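Position chain B relative to chain A; hints supplied.
Here is how the chains run, residue by residue.
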Amino acid sequence: MTFDQFAGARLQAVLRFATALTGDPDLAKDLVQEVLIRVNGQWQKVGQLDRPEAYIRKMVVNEYLSWRRRSWRLIPSGMSSHVTGRPSPDPADGYIERQALLAELAKLSRRQRTALVLRYYEGYSDAEIAEVMGCTRSTVRGHVFKALAALRVELDQPLPTPAPSKETH
Amino acid sequence: MEGLGRAPARTEADLRATLAELARRAPSADDVLSAVREAGSRRQRRSARLPGQQWPAGPGRVRTRRLGWRQLAAVGAAAVTAAAVTLALTLGGSPSRTGGPGGFPALPNPPASAGGPPVVVSPGDHPSAGSLAKAMLTAYNAAGADLVYVTRDYVRKGHLVQTDRSWSWPAVPSPGQVQYNRDEFSAIPRGASESTAPVKLTEDASYTTITPHPSVYGQSEPARLIMVCYAGTGQTGCGWGRYETPAGTWSKHTAVMPYIDYTPTPRGADLARQIAHGQWRIVGHTRLRGQPAIKLAQTRSGTFQGHPVFLWVSTASYLPLRMIWGPADSETDNWYYLPPSKANLAHLRVPIPPGYPRSG
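Chains as they are written, first to last, in the working numbering: chain A, 50 to 218; chain B, 19 to 378.
Certain hints may be false.
Sample of chain A residues lacking proximity to chain B, with all beta carbon distances greater than 12 Å (derived) [claimed, not checked]:
no., residue
1, A62
2, L98
3, E180
4, G183
On the chain A side, residues computed to face chain B include the following (Cβ under 7 Å) [as the list claims (entries may be wrong)]:
no., residue
5, R65
6, A69
7, Q82
8, I86
9, Q93
10, Q97
11, D99
12, R147
13, L150
14, A152
15, Y169
16, Y170
17, E171
18, R201
19, V202
Just so you know, the hints here were simulated from the structure itself, not pulled from any lab data.
Here the structure is a predicted model, which means the values were calculated and not measured.
Positions of the beta carbon are idealized from the N, C-alpha and C atoms, including for glycine.
If we strip away everything but chain B, and leave its shape as in the complex, we get:
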């Protein structure tokens, strides 16, 4: 038998100490109790939904390429293929299994999908590009420990065709810091009309990893992936790197994986630099999501030349609020920087639908 006959390496005291140390990693009883009490009163899962749109509780579909309009605008045709591969790897979300349907507290409602630019109510006194950029950079750094929640809605010919909901915490991780991410992706079922069918929840993934130093990006890091691949929309499975999760199942993998930078882009710091370098111009003042905001339009020297791109920055927090690419086929991103409260962090957990078996 393995180990017999060798010089003893450990004692029973070592074993006791190790088990005791392991036990100290136990989760909080409060979390478990909350879930148990909710389970008693909860009958039906309540998924996040867009205003006016009923989201299905169950099925989702295959991962389609999550190429957004802005990616198409930003890169050439040859680069699109590479971007697709990158994005296919990038999609995923965060931590563990919850005890049942709908365990998430409400987040702020996303704004109407790809709704047109809000009305500019008054020109106001514009800050200089330099001061705005400085304020944004300061705010971005100050929000580094927050949970950032991002919604992305893709509209083609006036119809919503894909949605992404992602959560990342901390919003700006330091090298060596664990970052928890979750990504919930919905799309139109295969074979359904892209002009009339509603999007359906397709996959929900969590991705927890350790942030490497920027100089060593591209290396592999210890990570945990949990993937729920929804059935019922024609997909056969959901891929993440070398892991494939069959539709109608969930999987969990802990391994050393190629690092994926999950921090939402464009980062606030990047936007601040672009503003400072004249790639955006202030076009007015408005209110958005209850906050005073500055509306900016990208100049022709910006990243997405040739396509109208608008950005709204809160003048209460100096954090970005919304960005819209394109007039007709559009992508609308909304950013929400939230305090890392227990309720907000609960969104990082991926709920496992009842009856879904674990497949890996």
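If we strip away everything but chain A, and leave its shape as in the complex, we get:
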């Protein structure tokens, strides 16, 4: 697969993932852009992988988790960081609830948010999340457990109680 083939087929999906991850389309664009600039220079290797997209998503996650310790949580509570329209009252309860949930998502730590996005947006298993995030499955469950509790999300099936983790966020 050439870089152009990858970009044509999968780049938009990677951008959607990055947007869910960061909560900010502009930051998502920056993240993916920086990753792709690096990838583009070594595409001969990346393109030969079985799943180049998975490799790139992992790079995006790593970039998000480590990018110069930038504060990604500047977003004031109650609003998205991306001004997309006038926040007028909306009679649809679902809309209001989603906005509230977005605001609370923005308050999570980067690792908690990453674990949630990989699990609930990408549908990854704990093992896959652990592989992407470079931590143990127990740690992944810890992140998810704490994040869901903070968001007051009811589980369809209870998570196993995570073992205490020494990792910091």
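Okay, now just chain B, sitting in the frame of chain A:
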């Protein structure tokens, strides 16, 4: 732990739906691809520059008071202080971070700074003030969805001392509409000679906000500010309201902020009204930036009494092209109404210089 023990408020399906909705706000892959390809071929940042003048790629300096000549002429000394505060808040520009140096396509070159009035080539048949005003108002309203690009050059004793480059889209926002703005400010470094030193890029800011109804101007609105404060010209930081960005860094703030009306002034509609009310008189016809234009001079009943002020209006588009205040110490504004194409809208993005850390 927070949330535990309370009645569950949300389900995993809610979370999935919210994340999916968020993902739909993803930017276009084409934009990212363009930047990636440009990054491969681009070595050096190319900033906008004035004809004959090399602009530095990096540093800028402290925000000096951006008081233009016309402000000084228009208000009394007591009002100047207030105007300075207002302007200090007003300066800023628009949306996000681009992946590197020089990602902007070329805009039309600004004309020579504060160059004298163009030669009037023929008197022609002058339209009446009323018909000109009507045509200008119609044109201004029709250009409301355009991107307006404005250059402002301040000259003292024949030497360029400040420049502003600003972009606003839409040019005439409706109440409730998001307006994207960017402002790029250059000035002479602190301590450098005002008579010989060139201006240097000082700050580049973007300001995105929601336009309130005119009756509630003064209120706060959700807004996003991105500020790049350039180092190397003696400044310690760049201020915007309560946000301060140290020199050599960039910052991004999303919050409810006091609304700042960023629409370039004087507005075309204001000019049309002034013309209709006899505050301008037509003095000739000429060509400017390749367009046929009418040259007008402000009458003594105008806003800036006592100072020569000239205005050029395109008779092709009936939009204002240029205004010059003052004979010696002068301010020259140029307006460009541009279609909101992808390339033009790219100018609303503030490039973050390589190596500049985020400070807020």
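Of the hints given before, which are not true for this structure? 1, 9, 10, 11, 14 and 17
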